[in-house]
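Chemist: First to last, the sequence lines map onto chains A and B.
Numbering-wise, the first sequence is residues 331 to 556 according to the working numbering.
Numbering-wise, the second sequence is residues 96 to 302 according to the working numbering.
These aren't lab readings, by the way, just hints derived from the structure by calculation.
A couple of the hints might just be wrong.
[Claimed, not checked] Cut-off 27 Å, straight-line C-alpha distance, at most; resulting in silico cross-link-like pairs (DSS-like, lysine-lysine): (1) A:Lys403 <-> B:Lys252; (2) B:Lys104 <-> A:Lys549; (3) B:Lys252 <-> B:Lys298; (4) B:Lys124 <-> B:Lys252; (5) B:Lys155 <-> B:Lys223; (6) A:Lys403 <-> B:Lys121.
These figures come from a predicted structure and were not determined experimentally.
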Amino acid sequence: MDREKRHNLLISGMGTASGGVFNNVRIDGMSKVNGDLSCVRFLCNGKTDINGSVTADDSIEVNGMATIAGFLKAEHIVINGKATVRGDIAGENVEFVGMPNITGNCEVETLTIKGGIRIDGLVNAETIDVRLYGQSRIREMGGKTISVRKETRDIAKFLAFLFPPFVSKLSADSIEGDDIYLEYTQAGVVRGNNVRLGPGCDIELVEYRNEYEQSPAAKVARHQKV
Amino acid sequence: MEQDLISKKELLELTGISYGQLYRWKRKKLIPEEWFIRKSTFTGQETFFPRELILARIDKIKNMKDDLSLDELADMFSPAPTDVSLGKQELLKRNIVSKMALDVFTEQFGDTPVFPFAHILAVFILEKLLQKGVISLDEGKTLLGTLIQHYGKFEGKNCDLIFVRKMGVSAFLLVSSPSDVYFEESAKIVERVSIADVIEALKWKLS
């Protein structure tokens, strides 16, 4: 549809909408959308339930709690807070802050994660940067540059003290990339050209091509050059 | 169907590409999702690929990636038709199809100045089969009819063209791919053409 002819969808307070094609979609408050949304920009603050997928030409931003039954697709995606996405995520720059729970795959160029995340599918990105603030689980990661670091700021320690599940740790089945740096990660296999393991790692098998470095505080069952 | 598979590790060793490249190409849809076959091995889950297909594809990507952008390459490999249309003279001049195949087309559908992609594809397949000598001119007409009438219904999805003969009677089938088809014993599959492969070949010729 012609961009000029599209309308905006604006919900403030409580509301329900069916999906459709829009220009800008902005939801403040509590709302429910039944159906797929296609728009230029999507912004939601508060609690949203979307019974469908969201495709945006430009950006998707979710602040607060959101449940999306389908996939998310946009150039830029930012999720702050607690989001549940049952489908895949596709985009260029994607940032998750908080506790997103994604059932599908993530295929993006740059992925930045701050928080405790759960991704049941494959994460495929050129650059993956994870800052751990709690228990995280990513089934599979693949890309060029992958780094997982534990956030050492006081807020993370404070959270871990208050709520034991906030102990910062990432668990993964397999991590594959060109340059990999990991901290506080428990993984089955790590494969890469250059692999560096920091403190707190517990890895069953590391396969590397060029360089391998291991902190004394990392536990590795087996490592081999291939 | 038992295929000859290659593990991801072996593939990277053999071709000299890195994990980063492989994942990038997958993201850009240069390597189709179906080729990533997951299997359990004693070291856990491993990914395998159909050996011949993936090696040929990676070879092509490596050769072409200096001349074309990844997005352009993805276009080439996708089974979706492009929106190219060419005139009759152009088709002959660039040696995409022969005069004979074109004549079969015009005889059946009349003279059109411009060929849309679907029609070029139909004539291109006809040309291939005629050159192989597996079909007659009359059967060629049926082939064109089948392709032009039904190919659009697949909406860019993968499909195979199957040509069978039984006791001198011939028939064409279009089936979605991958799928298994079985015939009675006296019927003989003369030719099975993967339309996706043909489209790929045709796209190289058109570019």
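Chemist: All hints, please: hold or fail.
Modeler: These are the hints, each one checked on the structure:
1. A:Lys403 <-> B:Lys252: holds (22 Å)
2. B:Lys104 <-> A:Lys549: holds (24 Å)
3. B:Lys252 <-> B:Lys298: Holds, because 16 Å separates the two Cα atoms, which is no more than 27 Å.
4. B:Lys124 <-> B:Lys252: holds (14 Å)
5. B:Lys155 <-> B:Lys223: With Cα atoms ~22 Å apart, B:Lys155 and B:Lys223 stay inside 27 Å; holds.
6. A:Lys403 <-> B:Lys121: holds (17 Å)
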